[in-house]
Amino acid sequence: MRTDQPRKATDMPRKDGRPARAVAPWVRTRLRTSPGTACAFALLVLVTAFLAAALPRTLDAYETAGLRHDIAAATPRTSVLDITAPPPPPDLSQRARERGMGPDALARQRTALERLLPEPLRTDPEQSVHGVRTVKRAGGLDPWLPQPYGIPPEFMLAAPSGLAGHATVREGRLPAKADPAKGTGEAAVTAATATALRLKVGSVVHLPSKFSSDPLAVTITGIVDPVRPEGSYWSVEPLLRSPLYAVVPRGDGTQFFWQAALLLAPEGGPLLLSGTGEPELYWRLAPTSGHLTAQDEPRLSAAVASLSGGPDLVKVRETVGRTGAVATGLDEILAGYRGMRAAIAPVVAVAAFGIGAVAAVVLAMTGGLFAARRTSELALLRSRGGSLAGIGVRLLGETAVLALPAAALGLLLATLAFPDARFVPALAAAGAVALLATSALPLRALFLHRRPLTHGGREDLVDARPSRGRTVAELTVLVLAVGAVVALRRRGTEDSGDHLVSAAPVLVALIAALVLVRLYPLPLRWAARPARRLRGAVGYLSLARAGRSSATGALPLLALLVALTTAAFGGSVLAGVADARDRAALLETGADARVTGSADGVPLPTGLTTAVRGAAGVRDVTAVQIEYGLLLPAGAGGSAGAGAGGTAQAGGRSAPGGTAEAGGRSAPDGTAEAGARSAPDGTAEAGARSAPGGTAEAEVRSAPLVGVEPESYTRLARQTGFGPFPAGLLKSTGTGGRIDHQRVLPAIASPAVAARLGGEPQSVTAAAGEFKVRVVAVRSTTPALPGGDFLLVNAADLTHRADTALLVSGAAVDGKALRAAVAATSPDLPVVLRTERRATYVDSPMQSGAERIYRAAIGAGAGYAVLAVLLSLLQSAPERATLLARLRTMGLTRRQGRRLLGLEALPQALLASVGGTLVGWATILLLGPGVDLVRLSLAAAPGLAGPAGATLRADPWSLGLPALGVVVLAGVAAALQAWWSARSGSIKELRAGDAR
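Take the sequence shown: its letters are residues 552 to 1547, numbered as in the working numbering.
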C-alpha cells in the first residue's frame, strides 16, 4: 500500500493519538436504506408543488385572457376612444381653417394624442382613423335619387384617413382633392350604398350649400368594398359601410327614407365647411389588448377615467382644442370584467382552499407516517442521549434534500406549463409546500419524543387517552370554527374578498372531523357487546380493533372529509352551471328547436309544419302565431293611454322627438332606428318599461299576442316546465275565427299584463283581429317567448290565422335534417337549435378557466383522498400483519383473515364516506343561498337566468360516487394486504424478541 496518498478526514488521528472511527453520513445512509420511500415522498412533493404553483398561474392566465377577450370582442363602437373637436373657429382666415382641417394637421394631432395616452393604454394603428365628418346630415337635391314617400335621402359627408388601405376599388377610382372655392368634390361609396341609392361611377350628387345658392356638387368616382367591415374603421360609423332605411313618424302613419354616406378623399375635409352638415374633427383610436394582463386592469380603469374627465382630458384639449371631448365605452367593459371576476373569484377560491387544505393534511400525514415507522429508532437515540435539536436537524436534512429539489422542479414545470403569469405567487405557493413537507417529519418526531418513551406501551385509543391539553385545543378550534360558520351565515356572502366564505367547506369539515373522532368509538363499542355472543371471533375482534385503531385519527378523517366536501361542492358548481345553461337555452328557444319567419309577423309557408314533422329526431311540433307590439287597454287599476310623451311606432317602441331607423341600430346622431320592435328575446315594447325621460313606468302598456293550439302547446309547456296550464283554460269560443267584436276570448297572461287588463273583459285591436279578452290564468313564463310579458289565446279564435313560428320537440333532433327540411320549403327561414344556443353561453376565458379549475380540483381531491386512505392504512399495516401472523398460529384461516381486515377497515371507511357526504351536503346548504353562478354560467346572456338566478344544488353523483369510492378503496386495500400477508409468510412477524 502506498504511503504517499493523502489520508481521508476519517483516518486523521484524534487528539489522543488514536485514529478516528469512520462514520457514514446520516442523510446518505437513510436515503440508501429506503430508496423507494424517498422516491415516493419526492414524487408527492413534486406533484403537490406543481399543483400549488399552477393554481395562481392558472388564475392569472385565465383572468388575463378574459380581460383581453372582453376588450377585443367588444363592439368597436363601445371600445374605441372617440376624440372629437369642432373645426377651426370662423374668426380665422379661410385658408387657415382649411389648413387646420387638412390631413397633415390631423395626422400631427393624432400622433400627439397617441403619445399622451397613459399606460397601459395602447392603440392599434391599422384600425385607428382620423378625419372630418358632418354631424348633421344634408338632404340630397337630385330628383333621380330614390325618395320613398317623397322624402329625399340624407347624406353624411366624411373624409377619413387611410381609405386606400381599408377599401378595395370595385369600379372607378378613389376620390381626389376637393375644391371648396368652387363647391365641388369627389367621393366614393360602398357597393351597398351604390345599390340602394342607384349610384354609379360618374353620378353627381348635389347637396345644399351654406354660403351660396349654388349647391355643392359631389362626383362619384369609385365604388368600393370595405376591407374587414367588422373592424373599427367601418363599424364605429355603420353608415359608412351600408345605408339605412330610416323611418320617421308622421300624423298619418309611418314613412321611410334613405340615409347614406359619401366618402371623400382625406384632403377633401375643407369642403365640409361649405355645406350645411356642421363638420366635426374626429380621432378614433382603437385600443389593443394583446399586451394587457389582469394586474393592469386597475391602471387601465384609472387611465380611462382620466381621459374621460380627469387630468389627461386637459392634455387632450391642449392638443385638439378647448372644447375637445373624449367618449368611450371602455369603462363599461372594464366594469363588466371586474364584476365577472368578483363573482367568479369566491367560487374558485372554495376549490383552492379545499385542495390546499387536503394537500396540507396529506403532507402532514406523510410526516406522521414516517415518524410512526421510526418510533423505535428515534426512541433509541433519545435513550442514548440524543438531543431534540440534534435529532430535529438530522431529520430536517433528510426531508430537505428530497423536498426542496422536488418543489423546485414542480415550480419549474408549472412555470413552463403556464408561461403568461406572475412568478412570485407561484414561488410562494411552491415554497409553502416545500416548507410543510420539510418540517412535517421533524416537528412530528420532536413532539412525540419530547420526553423518552417507555418500550412496549399500547398506542391505540383505549390506552392513549386524549390529554387535557389536547381536549382544550380541540374545543378551542371547534368553538372558533363554529363561530366562523355562524358569522358567515349572519353576514352573508356578498363580499367577494371574504376568505371566510371560501374556507367554509374546510371549517365544516374540521368541525365534523373533531366531533366524529370523539364520538366514533362509542357505537363500535356498543356493537361489540352483542358480537361477543356470536360463534366466530372475527366479528367481535374486528369491531373491537376498529374501535381503538389509530387509523381513525383526526388527520386522516379531516383529509377525507375535506377532499369529499371539495369534490361534492365542485360537482355541485358544475351541475348548477350546466342546469342554468340548459334552462337558459330552453327558455331562449322554447323547445329543442325553433323555426321562425324571415321577419317578425311574417307567416310561415304552407306545408312547412308537415315537412318539419318528417325530419329525423322530431317528436312533436307546436305551431304558434306571435304578434309583437300589441297595445293593451287599461282595465281596472290600469292607467289609460298608450305611452307618455312619445308616439308609439310600428313595432312598438316610442320615439320621442326623433326619427327611428330601420334595422334596429342607432344612428350617429342619436336617432333610434326603425325595425326596433319587440323581438323574441323578450324586450318590452313602447312604454313597456321606461318613459322617454328615462323614468320607470308603473306598468306594461304593450305585449306580444301569442295564438296557440291548446293541446299541443300545453304538452310543450309541461315538458319544458315553462308555465304549464290545463288545455281547457283556453277553450275555443266556437266562433271559428269569424268577425265578432263582442266575443270574449279566455287568455293566459304574464303578471304585468294581467295587472294591466284586470279581471273584466277588455277590447283588443290586433292584426290578428278585433275581440275582447279576459284573463283566466297568470303564468310568469311561456315557451313561445324567452321572457318578458305576453298574452296567450287560442289561435282557433283569431280572425286572421297565420303561424309565425314552430317549436320543435325531440331530444335527438338532427340539425342537418331539420334545416334541410326547412330549406326544401323556404331557404330563408332561420332554424335555431337548443344545443347550439347553449354552446354560445361560454364566451369568456374566465368561464372556461374557472370550470377547468373545478374539474382539476375534483380530480386532485380524489387523488388526495386515495392517498389519505392509503397512508392511514399503511400506518397501521405492520400491526395488522403481526396480528394476522399470530392469529394464524391459533388456527385462523386465510379466508377469516381477509374477513377480519375487511371488517376492521369497513367502519373507518363508512365513517369517512358518510361524514363526507353529510359535510358536503351541509356545505352546499350553507353556501347555496349566497353563491350566484349567473356570471359563471351565463356571462353572454345573464338576463336568461331569470329572477331566481343560478344557484348551487346538491348533485347526487358528486355526493355519492366519491364516498362510495372511499369504501371500495378501503376494502380493496384490506384485501390486498391480507393476500400479501398470506403470500409472504409469518416468519418475519413472529421472530423472537421482535418489538412489535
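Just to be clear, a hint being listed does not mean it is correct.
Think about it this way: if two alpha-carbon atoms lie no more than 27 angstroms apart in a straight line, the pair counts; the simulated DSS-like pairs of lysine-lysine are [what the hints assert, rightly or not]:
#1 LYS728 to LYS761
#2 LYS761 to LYS866
#3 LYS687 to LYS761
#4 LYS733 to LYS751
#5 LYS1323 to LYS1282
#6 LYS733 to LYS687
#7 LYS751 to LYS728
#8 LYS1367 to LYS1323
#9 LYS733 to LYS761
Distance ranges between label pairs, derived from CB positions [to be verified]:
#10 VAL686 to PRO1156: 40 to 48 angstroms
#11 PHE807 to SER644: 21 to 29 angstroms
#12 GLU829 to THR735: 29 to 37 angstroms
#13 SER934 to ALA893: 22 to 30 angstroms
#14 PRO1277 to PRO1302: 43 to 51 angstroms
#15 GLY701 to LEU667: 14 to 22 angstroms
#16 PRO1302 to THR719: 48 to 56 angstroms
#17 THR874 to PRO1302: 24 to 32 angstroms
#18 TRP1508 to LEU1070: 27 to 35 angstroms
#19 THR926 to PRO849: 52 to 60 angstroms
#20 ASP882 to GLY1020: 52 to 60 angstroms
#21 PRO699 to PRO970: 25 to 33 angstroms
#22 PRO699 to PRO676: 18 to 26 angstroms
Hints are computed from structural coordinates only; laboratory data are not their basis. Virtual Cβ for every residue (Gly too), placed ideally from N, Cα, C.
Against the structure, the hints:
{"no.": "1", "hint": "LYS728 to LYS761", "verdict": "holds, 20 angstroms"}
{"no.": "2", "hint": "LYS761 to LYS866", "verdict": "violated, 33 angstroms"}
{"no.": "3", "hint": "LYS687 to LYS761", "verdict": "holds, 13 angstroms"}
{"no.": "4", "hint": "LYS733 to LYS751", "verdict": "holds, 23 angstroms"}
{"no.": "5", "hint": "LYS1323 to LYS1282", "verdict": "holds, 15 angstroms"}
{"no.": "6", "hint": "LYS733 to LYS687", "verdict": "holds, 22 angstroms"}
{"no.": "7", "hint": "LYS751 to LYS728", "verdict": "holds, 20 angstroms"}
{"no.": "8", "hint": "LYS1367 to LYS1323", "verdict": "violated, 43 angstroms"}
{"no.": "9", "hint": "LYS733 to LYS761", "verdict": "holds, 13 angstroms"}
{"no.": "10", "hint": "VAL686 to PRO1156: 40 to 48 angstroms", "verdict": "holds, 45 angstroms"}
{"no.": "11", "hint": "PHE807 to SER644: 21 to 29 angstroms", "verdict": "violated, 43 angstroms"}
{"no.": "12", "hint": "GLU829 to THR735: 29 to 37 angstroms", "verdict": "violated, 20 angstroms"}
{"no.": "13", "hint": "SER934 to ALA893: 22 to 30 angstroms", "verdict": "violated, 59 angstroms"}
{"no.": "14", "hint": "PRO1277 to PRO1302: 43 to 51 angstroms", "verdict": "violated, 19 angstroms"}
{"no.": "15", "hint": "GLY701 to LEU667: 14 to 22 angstroms", "verdict": "violated, 50 angstroms"}
{"no.": "16", "hint": "PRO1302 to THR719: 48 to 56 angstroms", "verdict": "holds, 54 angstroms"}
{"no.": "17", "hint": "THR874 to PRO1302: 24 to 32 angstroms", "verdict": "violated, 49 angstroms"}
{"no.": "18", "hint": "TRP1508 to LEU1070: 27 to 35 angstroms", "verdict": "holds, 29 angstroms"}
{"no.": "19", "hint": "THR926 to PRO849: 52 to 60 angstroms", "verdict": "holds, 54 angstroms"}
{"no.": "20", "hint": "ASP882 to GLY1020: 52 to 60 angstroms", "verdict": "holds, 57 angstroms"}
{"no.": "21", "hint": "PRO699 to PRO970: 25 to 33 angstroms", "verdict": "violated, 59 angstroms"}
{"no.": "22", "hint": "PRO699 to PRO676: 18 to 26 angstroms", "verdict": "violated, 41 angstroms"}
In this structure, the hints that do not hold are numbers 2, 8, 11, 12, 13, 14, 15, 17, 21 and 22, in rising order.
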